[in-house]
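A.B. asks: Protein chains in written order, with my numbering: chain A, 28 to 305; chain B, 323 to 533.
If you are wondering where the hints come from, they were derived from the structure by calculation, not from laboratory data.
Fair warning: this is a prediction, and the values are worked out from it, not measured in the lab.
Beta carbons are placed, not taken as given, at the ideal position from N, Cα and C, and that holds for glycine.
Be a bit skeptical, because a hint or two may be false.
As the list claims (entries may be wrong) - Pulled from the structure, derived: some chain A residues nowhere near chain B, Cβ distances all over 10 Å:
hint	residue
1	N127
2	A244
3	T285
What the hints assert, rightly or not - Rough simulated footprint, nothing fancy, chain B against chain A, three-plus residues with beta-carbon under 8 Å:
hint	stretch
4	130-137
5	146-154
Next come the chains, spelled out residue by residue.
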Amino acid sequence: MIRTVLAFFAFALVVCALIVFRPFSESQDMAATGSASDVEVTRAITPAEPVVAPAAQAIQPQPQAPRPRRPETSDVSMDDMTASVLADLGFETETPEAPNVEEQQIETTAGILASIESVTGQQVELAPRQTLRTLVVTALREGQSDDYIDALVNEAAATGRVTVPEVMVTSDGRVDTAVLLENLVTHAIIASGGNVPVPDVDPTTNPGVEVRVVQRAQDAVQARFYTVQTGDSLGAIAVKFYGRVDLFDRIFEANRQTLSSPDLIRTGQRLVIPALDA
Amino acid sequence: MKALGLAMVLTTAIAGMAVAQDVRITTFRDSSTFVLNGKSFTIDRIQDRDNVLTGEFARTSRQCPPFCIQPMIVAEGVATVGELEVMDFLETTASGGRGLLIDSRLPEWFASGTIPGAVNVPFMTLEAENRFRDDILVALGAQPQEDGSLDFAEAMDLMLFCNGPWCGQSPRAIEALVEAGYPAGKLSYYRGGMQAWSQLGLSVMIPSTEG
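Excised from the complex, chain A in its bound form:
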C-alpha cells in the first residue's frame, strides 16, 4: 500500500515537474525546428493559395546564431502594467489596478524577513528591487528618451532583474518597450475620453502584410495575414492592426495552433489577423 502511495506520489511529482519545467515545450525546441514548421503549417491552412513573394522571402531560414537569454515574463497584463504606470504618473485610469504578482511577492518576502528577524534578532533586509513599473516610471519622470528607456529595460530584463508582460517579448527575444510607451499614450487618450481609431494597414507599404480573398462555402471573405518581422512583439502587431495592445488576444487566439504563448512569436512566422468586427 505504501509503495502504491509512494508510486502515485512520485508520478504526481514527475507530472508537476513536467508542467513546471516543460522540457518539451516549444521555447526550447524552437532553435532546432526553426521556421521549417511554419511553412508546413501555413500551407496546410491555405493549400490552394500560391505563396506570395514577400512572405516567401521572409520564410528563408534564419542563420543559427546563439540565442540571447529570453526575457522572463510575468502574468501581469499589459493593461495592468500600463494602468499602474499611469497611476504612478498621476493619471486617472479607468480600470482598478489588479494585484501585481511581483509586487505581492516583494511584500510577502519582506514580511517573512521581518518575522525571522524578530525571532533570531539578526538583522536581515530585502535588497531594494526594481520592477518594470518602477523602472519605467522613474525614467519617464526623469524625461528620458524612448531609446534610453528601451536600453534600460532590455538591460534589466537580460540580467533577469525584471519580468515583463508576455506581449512585450519580440521575435528576437528582446523587450518591446515601444509598445508599452505607445500603450501609455493610448490609455491616456482613452482615460481622457478620446477614441483610438483602428489603423488602415496598407499591404503595399507594410512589409509582411498580405490581404487575400478566401473562398468559403457560402461567401468570400477578406483575410489578412502577417509575417512576423525581426523585432516585432505580439503587442506591436496588435497595435499595427487594431491600434490597441489589449486586443493582442484576438491574434493569439486565432493562431493557437502555431503559437503556444504570446511571448514565443518567431521571425518569419505567419499569423492570421482576424477581422475585428467578425
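Position chain B relative to chain A; hints supplied.
C.D. replies: Structure of chain B alone, referenced to chain A:
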C-alpha cells in the same frame, strides 16, 4: 475562625498544586520554557481533564485532495519528529540561534494560533515561483557566492510543520527547500502539526496578541 480560614487557603493551594501537576508533559517535566531574541516562551498543557477538541481540529473527514494523508518520511535525510523533539529543538537549537521552527501554513492559519516560538514562512514563498526566495534563504543563513549560487554550510536548522498529517504544506516546503539546495540533514518535519499539538492540549500562541 482564623485557623479555619488558613486551613481553607492551604487546602485550596494544595488542591491547586495537585491540579497543576495533573497533566504534565512527561513524568519529570510540566512545562517547557525557552527564550528567543530576549522574549520568553512557555509551553505547558491544558489542565482541565474534561477538555475536548472542538472546531477545526475535531474534524475527521476533509476532502482529499487536497487534504491528503502525508507519509511518515517526506524526503530522504529529513527526520520526522514528535512533540518532545519540537520542544527540545526550541529550547536548545532555536534559542541558541542555530535553528528556526517554521509554520509553513498560510498567514490566516498562522494568525489563528501556532506553536509558541514559530515563524510563519508560507510554503509557496519557498517555491521557485517566488523571485525573492533567495532573500529568504539568505535570511536563514545561506551565503551568496560569487557565481550567484548559495552556500548552505552555515544555514540554520529548520523544523517545519503545518496543520498535521492531513496537510501537505510543510512537505511541499521541505521539497522546495531541498530542491533549492538546502541540506536535508538540516531539515526536520513535525508531522503531527497543529492537529496533534492541539490534541495534546499543548500551549497555542496567537501571534497577533503575543507578538
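A.B. asks: Confirm or reject each hint.
C.D. replies: Against the structure, the hints come out as follows:
no., hint, in the structure
1, N127, "holds, 12 Å"
2, A244, "holds, 47 Å"
3, T285, "holds, 28 Å"
4, 130-137, "holds (count 4)"
5, 146-154, "holds (count 7)"
Every hint from the earlier list agrees with this structure, and none is contradicted.
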